[in-house]
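Q: Model the full assembly from the supplied sequences, consistent with the hints where possible.
There are 2 protein chains.
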Amino acid sequence: MDFAPLLRVSTRNMASSAPKLVAVAESRRFMIDCFKAVKVPQAHAEAQADLLVAADHRGHFSHGMNRLEMYINDLAINCTDGGAVPKILKETPATAWVDGLNGLGAVVGNYCMDLAIKKAKTVGVGWVCAKGSNHYGMAGWYAIRAMEQGLVGMSMTNTSPLMAPTRAKEAALGTNPLSLGAPATNGDKFLLDMATTAVAVGKIEIQRRKGAGLPDGWAQDPNGNITNDAELGFSTGCLMPLGGSELTSGYKGFGLGAMVDILSGVMSGANYSTQVRKWTHAGADSAADLGQVFIAVDPNCFAPNFEERMTDFNARLRGVKPTDPSKPVLLPGDKESQNMASVDAAGGIQYLENQLNTCASLAEKLNIKPLAFN
Amino acid sequence: MDFAPLLRVSTRNMASSAPKLVAVAESRRFMIDCFKAVKVPQAHAEAQADLLVAADHRGHFSHGMNRLEMYINDLAINCTDGGAVPKILKETPATAWVDGLNGLGAVVGNYCMDLAIKKAKTVGVGWVCAKGSNHYGMAGWYAIRAMEQGLVGMSMTNTSPLMAPTRAKEAALGTNPLSLGAPATNGDKFLLDMATTAVAVGKIEIQRRKGAGLPDGWAQDPNGNITNDAELGFSTGCLMPLGGSELTSGYKGFGLGAMVDILSGVMSGANYSTQVRKWTHAGADSAADLGQVFIAVDPNCFAPNFEERMTDFNARLRGVKPTDPSKPVLLPGDKESQNMASVDAAGGIQYLENQLNTCASLAEKLNIKPLAFN
Chain A
169 MDFAPLLRVS TRNMASSAPK LVAVAESRRF MIDCFKAVKV PQAHAEAQAD
219 LLVAADHRGH FSHGMNRLEM YINDLAINCT DGGAVPKILK ETPATAWVDG
269 LNGLGAVVGN YCMDLAIKKA KTVGVGWVCA KGSNHYGMAG WYAIRAMEQG
319 LVGMSMTNTS PLMAPTRAKE AALGTNPLSL GAPATNGDKF LLDMATTAVA
369 VGKIEIQRRK GAGLPDGWAQ DPNGNITNDA ELGFSTGCLM PLGGSELTSG
419 YKGFGLGAMV DILSGVMSGA NYSTQVRKWT HAGADSAADL GQVFIAVDPN
469 CFAPNFEERM TDFNARLRGV KPTDPSKPVL LPGDKESQNM ASVDAAGGIQ
519 YLENQLNTCA SLAEKLNIKP LAFN
Chain B
169 MDFAPLLRVS TRNMASSAPK LVAVAESRRF MIDCFKAVKV PQAHAEAQAD
219 LLVAADHRGH FSHGMNRLEM YINDLAINCT DGGAVPKILK ETPATAWVDG
269 LNGLGAVVGN YCMDLAIKKA KTVGVGWVCA KGSNHYGMAG WYAIRAMEQG
319 LVGMSMTNTS PLMAPTRAKE AALGTNPLSL GAPATNGDKF LLDMATTAVA
369 VGKIEIQRRK GAGLPDGWAQ DPNGNITNDA ELGFSTGCLM PLGGSELTSG
419 YKGFGLGAMV DILSGVMSGA NYSTQVRKWT HAGADSAADL GQVFIAVDPN
469 CFAPNFEERM TDFNARLRGV KPTDPSKPVL LPGDKESQNM ASVDAAGGIQ
519 YLENQLNTCA SLAEKLNIKP LAFN
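Protein chains in written order, with our numbering: chain A, 169 to 542; chain B, 169 to 542.
Don't take every hint at face value.
In this list, chains with the same sequence are indistinguishable; a pair is considered to hold if it fits within one copy or across any two.
Below are the DSS-like pairs computed for lysine-lysine, each with C-alpha atoms no more than 30 Å apart in a straight line [claimed, not checked]:
#1 289 x 255
#2 188 x 537
#3 446 x 489
#4 446 x 495
#5 286 x 258
#6 489 x 337
#7 371 x 489
#8 289 x 258
#9 495 x 337
#10 503 x 337
#11 371 x 188
#12 337 x 371
#13 286 x 255
Honestly, the hints are just simulated from the structure, not real lab data.
A: Structure below.
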């Protein structure tokens, strides 16, 4: 038998251009070690690492390890309290008002969603608002937590100002994401997790790095006009709301972003709109005091067989005639499920080189075991 | 004294080109009479007329008297049951599942929102899902009902298929609107009421009548491509989701439209997605069985002084530096408040000529007192 072709392939895979894959468990281990190095208790470090690695597993790198350095900075200067345990300030059978006490986003978020789930299982709905929170990662994480209990879950958070209201030339709302998860049968689901801006800053950064332009409706210049210049769009920091300009109904995206801030920031008594601090890689100068809302609803309080109908609903939408037969309709969450499957098949997550460099210097700075590759 | 100039003005006002204004009370009287003529009980006729005239008062003509003929057609052929009283099928302290029994949209909607309000006042949240409903007018109506009680109100409904999912060339969701109302101090408020498509069909009809084109992102042609041809966009009947094409994040608008259908149609056990019938001026061939959701939340369950913070939130957004100083930032609901003030100052609503013609023939057909002008 001739093994030459197989060996050649194998050699090629081991060349320096071969992807360096990081197992999901190893990425989690590394992040836990980082958090523990800045005195975060084990349980909190695990909660935060679970959240971040889940984003990388799904292909949402902007909300994964990419954020690690910022969290570590905030923790190192005591701007976030890694050991804080959230506290209930007010409660009814269906609601709770929680103070996150400046704890880690995942700690506050998991606490609040678990409380909402408990209430939903008792009276059908749980509606929990948190103030005193920090950046809580991907909004979909908390919807997934409710879905795992057979419930419909929703979550929203306000964020640092980046979106210019329709007709304005300054940012006054964040990318303010909202999520909704609804379980179907056999593990299928509907999982919406979206910013209320047209795009995230990350997409503008990518166009800028490529030296490419921006489509209409993504970003504004300092005078408040649409810009196609990625450099200018990035430096101005005024994203446009979902819908783009007023002509294409950008005021609806603006309205949605404001809705998210009302339900998360205003209702909880946290910072809102232009009160929210800027958040940069350099660490922050004050506590974020972000507001968040966590909603769980028990579909069994309404028509029976919700999950079966969700399966039919999903099938109807995925089965609509596509414009291009090679690109079938995708439901929110489908791309992420495909990405998880690819990572599992490949045996690990492929991080960008500059992310790996950041990890290497973090490991050195914090004196922890560097990230290992498969 | 010379009255000549005054007389000339007065003569000019009485000329055939002068606007024919209909007092709000008279518009309401006319609609009540129409509903009673097709055997709708007095209280239900009043509820439905209140809803429709409120839309005209706010300048949303598409959701006002414009719909009267369609409602009357549905009632005349017993496709809607004008006398039906909604029934609670299942209940917890925070939730209710309601069967609208094919009653009028306003009757079902008011019943459900009042139930949600009662629950919110007891346990902080009321979440009511209705099946067996009909077209329920402007979604904001029900949010206003909650706001009048000092609560935050939300409502959503599914509608007849008109939106093509991203990547599809067929419609599989309706314009599926959502509303959120939050009260501020001194009668100020935030009132979002938006379809999850980029625009409503009415806007395409207007461009078509003007012989004008469509901006990118409003509508598709039969092959699923963006069209700028208003005639083709109208005849195809495939609106694009908020956000337009995939490049400008139309999949988010698609996700929002699907979210509305899950919370209204799927959760309530009503028709959803492509199950929902087409609704035309000719009357329908079957019961609509639409699904709707009504949510009321008591902000006092969370941080105190919600209305004061809403006033500050509104001021921050209205006060952001405008791109064009002559066009300050408007909040959702501001245009509608301005329109109500204009109607009140003018002494009546100015309907389009073809709307008045429809009213005249309705009056004749139903043998009721024609619409009177101011």
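Q: Among all the numbered hints in the text so far, which are the ones the structure does not match?
A: none
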